[in-house]
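Student: The listed protein sequences correspond, in order, to chains E, F, W and C.
Just so you know, we're using full-length UniProt numbering here: the first sequence kicks off at 1 and counts up by one.
Just so you know, we're using full-length UniProt numbering here: the second sequence kicks off at 1 and counts up by one.
Just so you know, we're using full-length UniProt numbering here: the third sequence kicks off at 1 and counts up by one.
Just so you know, we're using full-length UniProt numbering here: the fourth sequence kicks off at 1 and counts up by one.
Bear in mind the hints are in silico, worked out from the structure with no lab data behind them.
Distance windows between CB atoms, simulated:
hint	chain 1	residue 1	chain 2	residue 2	range
1	E	E339	W	E58	44 to 54 Å
2	E	E339	C	E243	53 to 63 Å
3	E	E286	W	T13	31 to 41 Å
4	F	A337	C	R193	35 to 45 Å
5	E	G69	F	E363	55 to 65 Å
6	C	D337	W	P204	36 to 46 Å
7	F	A278	E	E339	56 to 66 Å
8	C	K299	F	D362	22 to 32 Å
9	C	D33	E	E319	45 to 55 Å
10	E	N365	C	E292	17 to 27 Å
11	E	E291	C	E34	54 to 64 Å
12	C	D33	W	P204	56 to 66 Å
13	W	E58	E	E319	44 to 54 Å
Heads up, the beta-carbon is just placed ideally off N, CA and C, and yes, glycines get one too.
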Amino acid sequence: MSTQNEADPHVSSESTQRDEPIRILDDDGNLLPNAEAPSLSDEQLVSMYEDLVLARQFDQRAISLQRQGRIATYAPMTGQEGSQVATSYALEEQDWLFPTYREHAAKYVHGMSLPSLLKPLCGLRDGYAIPDDVNVLPEYIPIATQVPQAMGMAWGHHLQDRADTAVLCHFGDGATSEGDFHEGLNFAGVFDVPAVFVCNNNQWAISVPRDQQTASDTIAQKAAAYGIEGVRVDGLDPLAVYEVTRCALSKAKNPTDDERRPTLIESVQYRYGAHTTADDPSVYREEDEAEAWRQKDPVDRLRNFLYGEGVLDETLEDEIDDRVDSQISEAISTVEAAEADPAHIFEHVYEELPDRLREQRDELNALREKYGEEAFSEVLE
Amino acid sequence: MSTQNEADPHVSSESTQRDEPIRILDDDGNLLPNAEAPSLSDEQLVSMYEDLVLARQFDQRAISLQRQGRIATYAPMTGQEGSQVATSYALEEQDWLFPTYREHAAKYVHGMSLPSLLKPLCGLRDGYAIPDDVNVLPEYIPIATQVPQAMGMAWGHHLQDRADTAVLCHFGDGATSEGDFHEGLNFAGVFDVPAVFVCNNNQWAISVPRDQQTASDTIAQKAAAYGIEGVRVDGLDPLAVYEVTRCALSKAKNPTDDERRPTLIESVQYRYGAHTTADDPSVYREEDEAEAWRQKDPVDRLRNFLYGEGVLDETLEDEIDDRVDSQISEAISTVEAAEADPAHIFEHVYEELPDRLREQRDELNALREKYGEEAFSEVLE
Amino acid sequence: MSSAATPDSDRRTDSLTLVEAVQDALYTEMTADENVVVLGEDVGENGGVFRATEALYEEFGGDRVVDTPLAESGIVGTAIGLALSGMRPVAEIQFMGFAYPAFDQIVSHASRLRSRSHGKYSAPIVIRAPYGGGIRAPEHHSESKEAFFVHEPGLKVVCPSTPADAKGLLIASVRDPDPVVFLEPKLLYRAFREDVPTGSYEVPLADAAIRREGEDISVYTWGAMTRPTLIAAENVAEEYGVEAEVVDLRTLSPLDVETIVDSFRKTGRAAVVHEAPKTAGLGAEIATTIQERAVCYQKAPIKRIAGFDTPMPLHALEDYYLPQAVRIQDGILETVDF
Amino acid sequence: MSSAATPDSDRRTDSLTLVEAVQDALYTEMTADENVVVLGEDVGENGGVFRATEALYEEFGGDRVVDTPLAESGIVGTAIGLALSGMRPVAEIQFMGFAYPAFDQIVSHASRLRSRSHGKYSAPIVIRAPYGGGIRAPEHHSESKEAFFVHEPGLKVVCPSTPADAKGLLIASVRDPDPVVFLEPKLLYRAFREDVPTGSYEVPLADAAIRREGEDISVYTWGAMTRPTLIAAENVAEEYGVEAEVVDLRTLSPLDVETIVDSFRKTGRAAVVHEAPKTAGLGAEIATTIQERAVCYQKAPIKRIAGFDTPMPLHALEDYYLPQAVRIQDGILETVDF
Ligand SMILES: Cc1ncc(C[n+]2csc(CCOP(=O)(O)OP(=O)(O)O)c2C)c(N)n1
Ligand SMILES: Cc1ncc(C[n+]2csc(CCOP(=O)(O)OP(=O)(O)O)c2C)c(N)n1
Ligand SMILES: [Mg+2]
Ligand SMILES: [Mg+2]
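Just chain E, same shape as in the assembly (with noise of 0.2 Å):
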């Protein structure tokens, strides 16, 4: 790992080789030879290990959730919220964070609510009514289409001189075969803008398999052809994960003479379940394909390390079970008891509604008036 001097004792000699990804932990969690945990507190530690329970529980009880049709179809991320809580962790608050339709767990460590999160899976946008606050954008499903937008606003505060605010851009292995990635990061490259772009190469783009995306040997070394530095981090090691992402972050904002700021992280990961609810991946791949990657299970490794810190014990580990429950629990009961105005399908459309706009709405109350909301609920095949 090479984005900043202070980083390199903090990562094992295993990393040398640049294509092998870096780690801090080994498989069960204990600190490699040579590699030095991040500095970050005990109280830190744990937090982060909570978010990681959070998400994994939050995981499970959406698609539970989905099966009984109470929210559609979603996206899970265990075995990926590792990397997702610890890309955010090493965010500052100023900094901003470009989600996909699978980032729960980044998006709720950078300080989006839960209710919020899982609104637009009942069909209600004012999910993504981020608050000021937060510095989130609502998820981007077009694929790839995050990389020249994030690459624009980092530039923008460059050129505002907020040297100390950063952007950092996720995506997926399937994305950097389109064109927006490879727009975004030349530009990225040229313009030389604070941003850090994470692929979360989780092995699969829905079907089809890491190596059927493209020909090369990782997608770290994409990064030659946009003359920034790329890296390679073991994405179910949370540790390394972070430490990665703040030296990218640090170097962002403050590089050295000769550094350029963007850096292509590639996290590198396994999608332990469906790509969607709606995916049955038993029809594509082996079933005992993740078990190699669950062997190194990121809260797993977590957990071991801090056991083994003397941060964590079964106590604690208890406590923050139940509370995790308990706000996943509140969070749906709130988000469950949230109603869609049929007003909000014209409202935003502009900033100021537009004649034609207000027909058409004058024009779907009086039909509601009319016929009863009944009537708008009918199936329509």
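Could you slot chains F, W and C with the ligands onto chain E? The hints should help.
Tutor: Leaving out everything else, chains F, W and C with the ligands in the frame of chain E:
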């Protein structure tokens, strides 16, 4: 140059450093130490020279025709014709060529007639109705859009087991910034298609210099992002371009076990003149920038080489100049005698003329009848 | 001209859903013509996210049913290139909302290669895309912007509303010498089954279908909106004795102007039903075409019953956005009572 | 509502061409608001391929007048990001035909950021693009597909036809809180000069302008087609005593329905003139809007005088493709004589 084993002895040792463009001739046209001329017969070499002369004369004539208002905007190629002619010499007849608006000479060498090159410049699209025995596509104007198409055609040949057919696709340095460049090359890597991608890096995309186009050191190195080979060649050295292209095409058709078919060739050139006849480069670049490149002029270099080999002399040169001159003059006469038929507007939009187009054609014909052709040639503004 | 699906000699049928009929069409054409290849995201082993290409990979192998990298412009550009090499590619765009990255390849190239080259080259490709709302899908998954493609000369645009049409129109599209944008109403993918001829047959890319005859008003629609329109037509017949003629356009470009105008000459009143935003949607083209050719028959303004001029809302509100039977019914009555 | 450009207190004027007025508007807004930045291909030292950004680079420097790499999706995506950071980007797309690679960023994001985020985020960007034919340009350089953008909710679409409007509309577009696609008629870039107020002023993005009053027919048009339409109107007045009212729409989305319909109520006859292909073009929207709101006033079919449903031919034939005064004149007479 590592595209083919047999190629190695032909090229100068200079090229062992990956980033230095491969050369066979020095700036004056002498064979470099350790380099070997490609195995072209004297006739082929002289004919290549004649095509270079033709290309340069064509360019001058076209520019002057444009100044006289006899053709529309023209994209000159002086300084780049060496690379154009040489890449097309490397093609076999069955290979396909995807050109841009600048590859006039490349198209001519691969079989297109001079009148067909000029017709579109006179606004006549039948110049693009390329004969069946000429494997050239109409020029691509939207930048980089040809790249995925060339990849697709190469893949089609591959699927049809037409292993003897390769596709050569031209584009500029600016084109490498477009998403289509990325998507096309990534597909080419994944599907391992028999295609050669030639980036005519003439240092400028209209007014934008190469180093503002991308922060990568070379364009060839972008190949790494696609798991294919990248190679740089001195684009003003026709023999080196020929040899590099020939090897790449041969690898595309018949790779060894550990080779991948596609190659990205960065042909390092310089646009001596304006981007097009509508452009004034003095606004954005120094006149004397061209000087260093003119010292390595491809036409001079090949002439000197041929004089040195004893296959060219003043008599032959004069003969060539005369022949080329009358060929071009004849082509211009042919084209200027041609006329556009307004019915062409409606032809070939679909294979069969739909009713609405028949009506529109009839409507136009009725108006022409009623008001005469003059009514349609009024300047609109 | 109205025309039902015309099976050839083979008179057997299968009871298929619309998505099964799509799959059947692909299977049929791939069997008949080895130049037909299917490419797109997740169309291979996974059989497509809607299973429209199910079992094709197993049957025809990875060289003819190809998972591509995730890049729509690459997919369409590649399809054009494949066509240039002599193949007949059928490209799947996973959802219509993801066709926009490929827009340039579609409108600047697929549509123009033939005219550019004065007839020498062409791009006989099919671009399949599920379109439309109503299935509680996330943002961008409910697009219905057929007008974008209808406005581009050189393209054909097709949109079936029944399984039998889906099969016959798709087979005709694959065989068509011109590029076809083939929009599949995903709301109807599994909505109902219908007897579909087992053999190979074409439904011509030229003819609208009269789904219901009537004298009081002509209602023009296509794809998923055909169903609520037919419901509305039955309702107004039962409750008000108003007989609506329902015209399912099937091919959106080129339009079957003859059938459209003939129906209007009979009824003198019309409505157009579509999901897409009203402004500059296809409803405008149909209404304008009618008044250009049959203004003297016109007894009332032609009513557009369409999506609102807003983005499709998230799914809690999509039933308010999409034209429901009740809105269609109200629009029919308003036009008839004018 | 018709409204002329309204200069503020500063009553001085310069005699400017349309492209100079564009440059003047950019200069004016960049001076007034340091958040305004210009980006695109060759907009910097080169001053734009049509010189629309001439001298801005020298005046405001390379941080505010930025040459980007050659990538339109990157340009528009970057502009959206700049807007999110609080800036006011004006992105140039070199020719409208090269906007398609950016289509996804425009229709999926610029247009929807505000509604997606329920009002929290927005994309106040301007996308400038020279459009239209008539200058003997190569293929793809003569596009006029304004309907694509008008069909997408959340966008505004503007198209000036005079230097004074170009300045006032562009200033209003830069200040507008919503994304604006600003189409510049390159045929008129240097066609004539006009007195343009030196100071800063807005022409509202809401009002069509009546360029010529008349009682016999309303002719709707915009941008470059305004000129042949006015010529045709003069011709039919002189030769046949037919008085055409010429309505220059100026803002294409949202449309000034009031002015459009009011004029029609007066004349009862209409034609729409545009360069874009006829089918699913904006002419259909205007004709349909009129018959929806004023069918009882209608005395004749509304005539579309438009580009043919073909790609724009190479330049030898473009004068046949574009609506010429003679075609417009013929269409006016046909409609008046109906
Ligand atoms: C432009 C676009 N094309 C297609 C899709 C449909 N789609 C949704 S997710 C997905 C796979 C994404 O893979 P990857 O980038 O690896 O991210 P992951 O889902 O694995 O996190 C696809 C094809 C889309 N959302 N956007
Ligand atoms: C998609 C697209 N965007 C913009 C243009 C306008 N344009 C024509 S040539 C050119 C520069 C191309 O530079 P490069 O790729 O280096 O090729 P060169 O002209 O130098 O040969 C530009 C921007 C275009 N033709 N297509
Ligand atoms: Mg993935
Ligand atoms: Mg160049």
